[in-house]
Amino acid sequence: MAHSSSHTHHSNTKRIWIVFLILSVVTLIEVVLGILKPAILVDYTFLSMKWLNWIFIILTLYKAYYIAWAFMHLEGETKGLRRAIVWTSVFLIAYLIFILLIEGDYVYEVFKNNKVAWDF
Amino acid sequence: MEATVIKTGTEGKTWGGGNEPLRASYGKMMMWFFIVSDSLTFSGFLAAYGFSRFKFIDSWPIADEVFNHFPFLHGVDAPMYYVALMTFILIFSSVTMVLAVDAGHQMNKAKVTFYMFLTIIGGLIFIGSQAWEWKNFIQGTYGAVSTNGGNILQFVDADGKRVALADFVTAGPATRVHHNRSNGLWFTDEPDLPAYTMQDVQNSFIANPNILVRTQTLNEHGEKTILSRQESERKLTTEGSHVVIGANLRENEYGVPLFANYFFFITGFHGFHVLTGILINSIIFFNVLLGTYERRGNYEMVEKVGLYWHFVDLVWVFVFTFFYLV
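Chain order of the listed sequences is A and B. Taking our numbering, the leading residue of the first sequence gets 1, the next gets one more, and so forth. Taking our numbering, the leading residue of the second sequence gets 1001, the next gets one more, and so forth.
Just chain B, with the same shape it has in the complex (with noise of 0.2 Å):
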């Protein structure tokens, strides 16, 4: 260390750094404007989706809605159990990242050790997590038909619950081939075929008096309106045009495709956060395991990581508000 760091004779004078107004090291310093930049960019997301969601404010799809499995509960309406739980889980890591903080003020090794740990495990949990929502978010529960102008139409009972397409639609006989690399032109193919075609779509809905179509627009109490089945049968064989199933970049079953859009990119770029925050855990956990930090005196770098991985619970908090909440 001590031969890389030149003197110049005015350490501790003012033109030689002397004065410190704000107190804190270089690392700890560049680490906050970090976060602030950083943090100005997760506000570009969400101030875009604030944008996007007001220009759709009457049909915005509804996030307990789309959001609403539990693992091991199938079929169970559970809005936002689980977002919850990811919530307690990051913010639970967030108490025990400071914990390790604490610890590193006493220089007390096997506490920060035991802290750091769990802080990597919580993480390693809430990423888990995330993706098993991706998983059910992108597979999709319900299926929907797409009209010819874009807008999503689902399917609902009697009493206003969602209906799957699987629940009512049969499939017909299959009418066209897959395309694939054998059997047409060799050099381009296509994803699988939907199971049902539009075709048969409508043609179970006649088949099922029961069933209503529920378009995006929200009424006054905030809910998706239902239309009465004469309308329901008209809108679905004058304007349906495919179905839909799950969710991708171009359209998804839940409503505008910008909804899944942003989920993509903000859970996506919160995500890959946490990956960074834990890799960071990681390496400062091997780190303090060496005994680095013993030699070097002090238990700043625990701290700094500690800043990020607070900051990447901070955005969740607002993550969680505006995408899950509001």
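Isolated chain A, as found in the complex (with noise of 0.2 Å):
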């Protein structure tokens, strides 16, 4: 029960505060290029996706290890647990992600260049 001795018990709040400011100013520029979608972010791609939507993705992998490491504490548990953790999640994820889109754009191939008739 009285494992967490590793750490001493002094008050976290000044850290919180700032991880908590971090994730506002984060959420807002998210929400504020969401709103202006500036023409230069949607027009131009990266590995045929919109920058736009590059740094969406990168901003809430950025909140999301903020939200792990700070607020579940993540940094404060053992190499062990926390690669335990966060490994086989990423790992599984990263995989699913990559086959279901293959597949999604493959079907998506499909819709578009067979003789199907979807627009009538």
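Please keep in mind that the hints were generated in silico from the structure rather than gathered at the bench. Ideal Cβ positions, reconstructed from N, Cα and C, are used throughout, including at glycine. It is possible that some hints are incorrect.
Computed spacing ranges between beta-carbons, pair by pair [to be verified]: (1) A/T13 with B/I1280: 20 to 26 Å; (2) A/A39 with B/T1276: 39 to 45 Å; (3) A/N113 with B/I1062: 52 to 58 Å; (4) B/K1161 with A/I22: 35 to 41 Å; (5) A/E75 with B/G1268: 47 to 53 Å; (6) A/V116 with B/I1121: 28 to 34 Å; (7) B/R1023 with A/T13: 21 to 27 Å; (8) B/N1148 with A/V32: 37 to 43 Å; (9) A/V116 with B/L1022: 50 to 56 Å; (10) B/N1148 with A/I57: 36 to 42 Å; (11) B/T1010 with A/L33: 54 to 60 Å; (12) B/Q1139 with A/V116: 32 to 38 Å.
Away from chain A, derived, C-beta distances all over 12 Å, residues of chain B [stated by the list, open to error]: (13) K1013; (14) S1182; (15) S1241; (16) I1280; (17) V1317.
Calculated from the model, a selection of chain A residues having no Cβ within reach of chain B, i.e. all distances over 10 Å [to be verified]: (18) S24; (19) F46; (20) L47; (21) W51; (22) N53; (23) E75; (24) K115.
Hints in hand, dock the two standalone chains.
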């Protein structure tokens, strides 16, 4: 039960508020970008995805890192537990996304190029 | 407590569980492994959403045209303001949760109580907002027409601004009687008849020469295609099938039916997590009030529900990105 003797029980409130500030600012940037949709970020792509979407995804992962590390206190856990949690999820989810998005794109091509009537 | 604990005489030794490589209590570790498995469920939902979106990559609805309501601002186009506010509320309730955990480390009962209370309030506001969002989504704003092929046609004026069916369609005389149990087959009935028939829409469209049809197809700037007047008339008269208002699991006025399905399932599943989170938080809150953890000597229970609550917030961060932003 009294496992958490590894870290001292001094107050972390300052760090909590800093993380809150980071999360808020990042969310604000996301929302403003989402409303403005600057043409330069929408019209140009990188690896066949809009720059705007790349920015959204990277900022999201940045937020997820802070939530998991600071709020869920992964930074204070042992390396073994942290890796069991993070690596398991990351590898399985990356594979799932890879396989489903490739398949989705393939189905799109089938709809587009084959003799399938859908607009009538 | 003591009576239920079985002593084997090997406590503290390796085979008695003395070796703790992860240095986490059983409860906390199981909460983490539950979170990992639950995050895979959510990834399944979101990746399936990605699959369907890639399948309809050139005709998927644009989220900030769909979610553009804000309380007390009727008719004002407020793309995503409300979802952003909801995101802030959830992040803030995550902050109060982690402050409660922090206060628990210092065995400060009053502070834990206060922050747990704020967390629960934040959760309630969030879930209420979600309900309001669902209400708007289900009721719909503009109305649309479905083609025979199940594609959605929306209406815009000369400037490309959306026009609601109610703004230009005049209902003709009723063409058929609403089928109730009292006037037809006694064992079946039908949902309310739409306010306008397809014929009403077509007649009114011909009578209003400044209205155009907008299809689902996205152009190279990521905007919906607006047809010429001539093409609009042809499309509406030859392909128009029926009026669609609002959203359900079969069809919706925003576009691809799957869009509404994923909206209901993903935000619904997340909302269910928020609901259970509020419930568990409340139980822990009352335990704190009763002094259970004060007597136990640690507030680890608060930490464990805290993990769950942060996970709910974490999921929302991803839902927000993939459903509303991208």
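- Query: Can you name, in rising order, the numbers of the hints this structure does not satisfy?
  - Reply: Hint check: 3, 5, 6, 15, 17, 18, 22 fail, others pass.
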